[in-house]
Structure formats: structure tokens, C-alpha cells
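Construct the complete structure from the given sequences, taking the supplied hints into account.
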Amino acid sequence: MRAAATTEPGRLQIIGALLALLVVVFGAVTSFEVADRYSAADDVVERSQPLSAVAAKIYGSLASADTAASSGFLAGAQEPASVQKGYRDDITTASELLVDAASSTDSSSDSGRQIATINEKLPRYTGLVERARANNRQGLPLGGAYLRYANQLMTQEILPAAEKLYASETARLDQDHEDARLWPFLGLAAGVVALGVLAWAQRRNYLRTNRVFNHGLLAATAAATVVLLWLAVGHTVARVELNNANTNGQASLKVLNDARISSLKARASENLTLVARGAVLTEKKGDEPQKDQYEVDYQSHMTALGEALSKADKLADDKTGRAPVESARAATTEWQYRHKSANATDKAGNYDDAVDKVIGDNASTGQTFDTVDDELEKAIGHEQEEFTDSAKAGRGALFGLAIGALVLGLLGAVGAILGVNRRLSEYR
Amino acid sequence: MNTDATDTHGRPTGRRTGVTVAAVVALAATLTLLPLSRADRADDRGEARQAATQAAPAAEEADCEEPERSLRASREDGPTIDKIKARGHLIVGIDQSSYRWGYRDPATKTIEGFDIDLARAIATDILGSPKDIVFRAIPTNQRVDALNTDTDSGVDLVVRTMTINCARSEQVAFSTAYFEAGQQILAPKDSGITGYDESLSGKRVCSADSTTAYDELVKNSFGAIFEDEDDGTPKDKDILTVPNQLDCLVRLQMGEVDAIVTDNALAAGQAAQDPAVELVGEPFTKEYYGVAAKLGNDDLVRRVNQVLEEYRAGGADSPWMKSYDRWLKAGLPGIKGPPEAKYKD
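Chains as they are written, first to last, in this note's numbering: chain A, 1 to 428; chain B, 1001 to 1345.
Source of the hints: derived by calculation from the structure; they are not laboratory data. These numbers come from a predicted model, not from an experiment. Note that the Cβ used here is the ideal one computed from N, Cα and C, for glycine as well.
Capping the alpha-carbon separation at 30 Å, the derived lysine-lysine pairs in DSSO-like fashion look like this:
{"#": "1", "chain 1": "B", "residue 1": "Lys-1085", "chain 2": "A", "residue 2": "Lys-347"}
{"#": "2", "chain 1": "B", "residue 1": "Lys-1237", "chain 2": "A", "residue 2": "Lys-284"}
{"#": "3", "chain 1": "A", "residue 1": "Lys-164", "chain 2": "B", "residue 2": "Lys-1235"}
Distance ranges between label pairs, derived from CB positions:
{"#": "4", "chain 1": "A", "residue 1": "Lys-121", "chain 2": "B", "residue 2": "Gly-1334", "range": "41 to 49 Å"}
{"#": "5", "chain 1": "A", "residue 1": "Pro-289", "chain 2": "B", "residue 2": "Ala-1316", "range": "41 to 49 Å"}
{"#": "6", "chain 1": "B", "residue 1": "Gly-1078", "chain 2": "A", "residue 2": "Asp-352", "range": "30 to 38 Å"}
{"#": "7", "chain 1": "B", "residue 1": "Ile-1225", "chain 2": "A", "residue 2": "Ala-171", "range": "36 to 44 Å"}
{"#": "8", "chain 1": "B", "residue 1": "Asp-1082", "chain 2": "A", "residue 2": "Ala-330", "range": "46 to 54 Å"}
{"#": "9", "chain 1": "B", "residue 1": "Gly-1202", "chain 2": "A", "residue 2": "Asp-352", "range": "41 to 49 Å"}
{"#": "10", "chain 1": "B", "residue 1": "Gly-1192", "chain 2": "A", "residue 2": "Gly-381", "range": "58 to 66 Å"}
{"#": "11", "chain 1": "B", "residue 1": "Lys-1189", "chain 2": "A", "residue 2": "Ala-134", "range": "15 to 23 Å"}
{"#": "12", "chain 1": "B", "residue 1": "Glu-1256", "chain 2": "A", "residue 2": "Asp-352", "range": "29 to 37 Å"}
{"#": "13", "chain 1": "B", "residue 1": "Ile-1225", "chain 2": "A", "residue 2": "Ala-323", "range": "53 to 61 Å"}
{"#": "14", "chain 1": "A", "residue 1": "Ala-330", "chain 2": "B", "residue 2": "Gly-1078", "range": "48 to 56 Å"}
{"#": "15", "chain 1": "B", "residue 1": "Arg-1075", "chain 2": "A", "residue 2": "Asp-352", "range": "29 to 37 Å"}
{"#": "16", "chain 1": "B", "residue 1": "Glu-1256", "chain 2": "A", "residue 2": "Ser-107", "range": "27 to 35 Å"}
Here you go:
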């Protein structure tokens, strides 16, 4: 080696080997890093985001089932068929999605444990609802007590588990997202080094031979430049798109899902105010008069709904996204207004009128709730589309880069060797 | 309905023999012990209990003795009666979810029960027809407010299983007592629990939050388990102490508790909804229900007391007994008549 380094052909051989190695390494490192980013982006699109959406749907269906159960109950012994169907559909959706979620989740993980909790408690919940219905049909007030017990199980045990499941699936999505957006530092550094050494070798060649171009080295430089640019531009585009998916899609989805849950909980509490009839009061605090627990719950859920909607309005980045959010906001205001009137009617002792103002067909709070729910569904659909489009574009920006970098790296190395060999042949 | 209910509870099918044996034993025991236990209750525990329960409020409000004493009955009209007559109907605050007392049947949407019968009797007396009445369903925590407000939600009277006590006597004017209730044990028929006694030892006993029932268990639980682990925290599962007395029956049917301590008048409503439970032992406290009016509406209170005088009169044929037979006797047997009226003037 030392002997070889003392003669020019020897030096050329070393330089050739070094150049070839650097270019191959550059290609390989780029390929490796990009494959990693690509698979993370692919996970975002194909796995973690859908799972997070599934978790959100489980959460939503469960809350919606509870709302439907209380609405049907309030309607009297004979529940409207549509409400009964709504309840059944919600329970079916939740059960099916739980199976889906379980199949892609390790049962010992946090998500797995939450799924187990929900699976264990859901049959108990439906059992309580059926007992509530059976008693209500017989005209026994015990039905209302069963319904309240079911609601308690849902809000205190099942929904928190669903919320945790959603949170942990969303955390997994965020992690995949971070992984996909991480700069390919090693690839970029290897590219700069390879190009630098190539430039040095060509300058050296020029100084010694006075020949400006060596085709082989030029080809190697071109290959390395293409890979570096592709990497830099491709990944920048991917980052921009993924960021877009995150800020425009996922962030909106999160607050919209929160809004939907709050509206469902508020609706269930509103119904229960009329089912419980003051049977459940807030905890005694000093001399303060105790309030109706469900009315207090309704107010706090409505506040949360208002806050989530105002956040969603700020996050909405286009007209299609903003329109449903603004309709939902308007409906929420109307809902509160109508609730006040229903509440006053109830307080005045006109129970039947109050019930009509809550579940009736004419200017009821139920109608405003339905509007809120429909508009939120529209908004969620839109943001989900935005997310998927952006995330797919981000993943697309990295498409072919891994294999391309590898091939170009090899080609560049061949070019470097050919170029150096051409000089070497002059010594024979 | 009977068998349906027991089937859904998943009790073993061999239960029926158990019931029969238990019933025979219980019957024999009752027959032999009846005179003794009656005497025992009246002379010792009943009186002692009553003294004990009255001692507690008395410590806070020394000037309140026998709050069930009311204004002397009279038929004379006054400003309140005139106002009601001018209006043409009586407005009464009632409960609509207390079975057999004031309950809105969801199928017929009519309100009925022992309290409702009494309210209609008052309306008939003042205005001539049981239909000259408007019922306002009010929750428990609105009873006092509903009497004191002048807005649309105001009521002339509250007839809503309202216990007469010293604290409330400062906020509303009560009629004479129209019902005597007491805390008692409600348990499944074959449970082996015999009353508020040692048979509760080790049993899970349910009571509603901040009620006399709970306070009595704190004083003496006979070794029963009656407090949830996380009471008073958001983790509270509301199994042994629950928001409402009816919730106890839910827990009992779900097999989460063994017995219930509650007001026997309300328990009658519970027993009417579940033929598998019954009141056991004797009441161990004494409280009175009264019709409440706004403080100062003396003419109305006197008129209600007059109505009650007539309502109670007639022995077994009195309107009171008829209403009792219709609504309460099945769940709360053994009552011979209404409590006696006591006046303070």
C-alpha cells in the first residue's frame, strides 16, 4: 500500500477505489435512510392513521349509542324505530371496529388493554340498557334508574377506555409521522463528501494532465448530483406534504373528534336531565344549593363543544372545511337557546312539553343536535380526505428514491472506476 | 311478570323450595314472636330510636320540637284561597317518578299515586272538582323554591313525599302529617335478613347519599358493608351509596348488594316494582310526610288541614284508607290508619 502510494499509478488506483466506494456508500446510505422514511410514511397512510381513525370511530359510536339509548327511552314505552336502529347500528359498528382494532394491536400493549376493557364492559352496558327498556315498557320508574346506571358505566368506564385507545393510537401515528419527517442526515452528508472528493479528483486530474473532462468521473459526478438533489428535493416535498397532513388534516381531525364526543355527551346528559328528574344532584358543597347533576354535565359538555368548534374553525384551512364547522357553531348556539327554553318549560312543571322540546319534531334541541352531528361528520370527512391526500403525496415524493439512489450509486461507482482506469492505461 | 323478573336475575332454579321453607319458618317465627316483638318495639327500640333521631336536630335548633304540629283546621277563606278561586285551578308540585306516590305512567302519560289522590281531594274541596288542578312535576331540590317563587314555575302546594322536619319548617309551612314513614330494611324474600339487626352482619347494604338511611348506618351498621371504596371521589362507582333510593333496587337486582335501607313509604314503591323483594323487620325511625305551602299562607294551610281531617275520617272506609289500599298496601302492609293530627294553636 505504502509502495503503491509513492507512484502515480498507485495513487490513481487508491483514488479510484476511494471514489467508487464513496459513491456506492452515498447511494446505499441514501437508499437505506429513504426506505426507512418511506416505510414510516407508508405506515402513516396505510396503518397508523386508519387505526387512529378507527379508534375515533369506536369512541364516537359508543358515545352515540349512549345518546341513542337515552333518546329512545325518553320517547316512552314505544321507542321510535329509527332511534332503536341507531342504537343497534352504533353498538354493531363499535363491536366490529373493536375486532378490527384488536387484530392489529398487541394485546399486551396499552391499546390492547383498553380494547380488552371495552370488550369486557360493553356487554354489561347493553345488558343494563335492555333492562332499562324492559322496565320502561312496563311503565316502571326502575327503567330510568337502569338507564342512569348504564350511562354511568358508559361515561365513567367505557368512554375513558375508548378515549385512551384513541390517544394511544394517535400517539403511534405521531411517532410514525415524526419518523417519516426526520431529515436523512447521513445520506446528505455522504452526498456532500462524495461530491467534494469527486471535485477534488477532477481538479487534480486537470492540474496534472491539463485535460478538462474525464468522462467517467463526470458521469460519477452527475450520478451523485442527481441522487443528492433527488434526496434533498424529494424529502423536502415529502416533509412539506406530511406537515400539511399533520397541521391541516390530523390537527383538525383531533379537535373535530373532540367536538363530536362533546356534542354526543351533551345530548345524552340533556336527555337524562328529563329521565332523572332531579334524582341525581351534585355533591353537597357547604351551603350552596345542590344542582341537577345532568344539567351541570350538559353545560360542561356544551362548553367543551364550543371550545373545540372554535379551535376547529381556526384550523380549517379552506372553504369546504370551514363551512360545516361554521354551520355546527350556529347550530350549537341555537341548541343552547332551545335548551334554555326546554329547561324553563320543565321547571314550570310542563313535563310533556319539555320532552317535546327536547325530542320532538318541531324546533327541538334534538334537531339542532342532529345538525351539529351531521355537520361535524361532513367536516371530519373533509379533513380525513385532506389528510389522506397530503400524506399520500408525501409518501409519493419519496417513491422510487430508495432504489434509484442505489442504482445511481452503482452507476456512479462504475463511472469513477472507468474514468480512473482511463488515466491508468496511459501508464502502460 | 313475577317469573320473568326472577329469571332475568339468574337465580338458581332450586330457589322455589328455598322460598317455601324460608316462608314457613318465617311464618312460624312471626306467629310466635309477634306479640313479643310488637311490645319490644313500642316500649324500647321504637321510642329510643325516636328520641335519638330527634336529639340530633334538636342540638342544632333547640326551639324545634314536634315540627309536625300545624295550624288548626279551618274552612275560612283568606287571600290565598281567594287567589286560587279567582284563578280557577290549584297548582300542585308533585313527583312524577315515585312509584305509587306520584308517578307518571309513560304509557298513559297520566300522573297517579297516593300523593296525587290527596292533591285532587284538596282541589275538589276548594274548587269543586278534582279536575281543577294543574300538576307541576318538580325535582326534590326544587320543592322549596317552587313554593317561594312568583314566576310561572310557582306552585300553591307541594304534595311530594316531603318529610316534615325542623330545618324545612323554617322555609315552608307544613300541614298536619298525612303519613307516618320510617327507615326500614328492604331485602330479597329468601335472603335470611330479618331487619335492622345482626342479620345484616357482613352483608352489603345500599343506601342513598346524604339520607337518613345512610346516617343511621353510620351510627350503627350491625357489621354491614355500606360504603364504597372511592366514596366522594370521581372514581366512586356508586354501588353501596347511590344518588337515589331507587338506584339501590337496581344494584340489588344486579346482585351487587344484599339489602337496602330506605324510607318504607318509598320502599313500598320499590317492592311494587319487584315482587322478589319485601320489607323486613320493623321501621326503626319515625318521620312524617306533610303537604307544604308557602310560609305565611295560613288560610291555605288551615284549609288543607281541614281537608285532611275529612280525608282521615271514616275508619276503614275513609278516603285515606281507600287510597292506601289502592296504592300502598301491597308493598307496605299492616298500616291500620293515618297518623293523628297534631295542632300547635
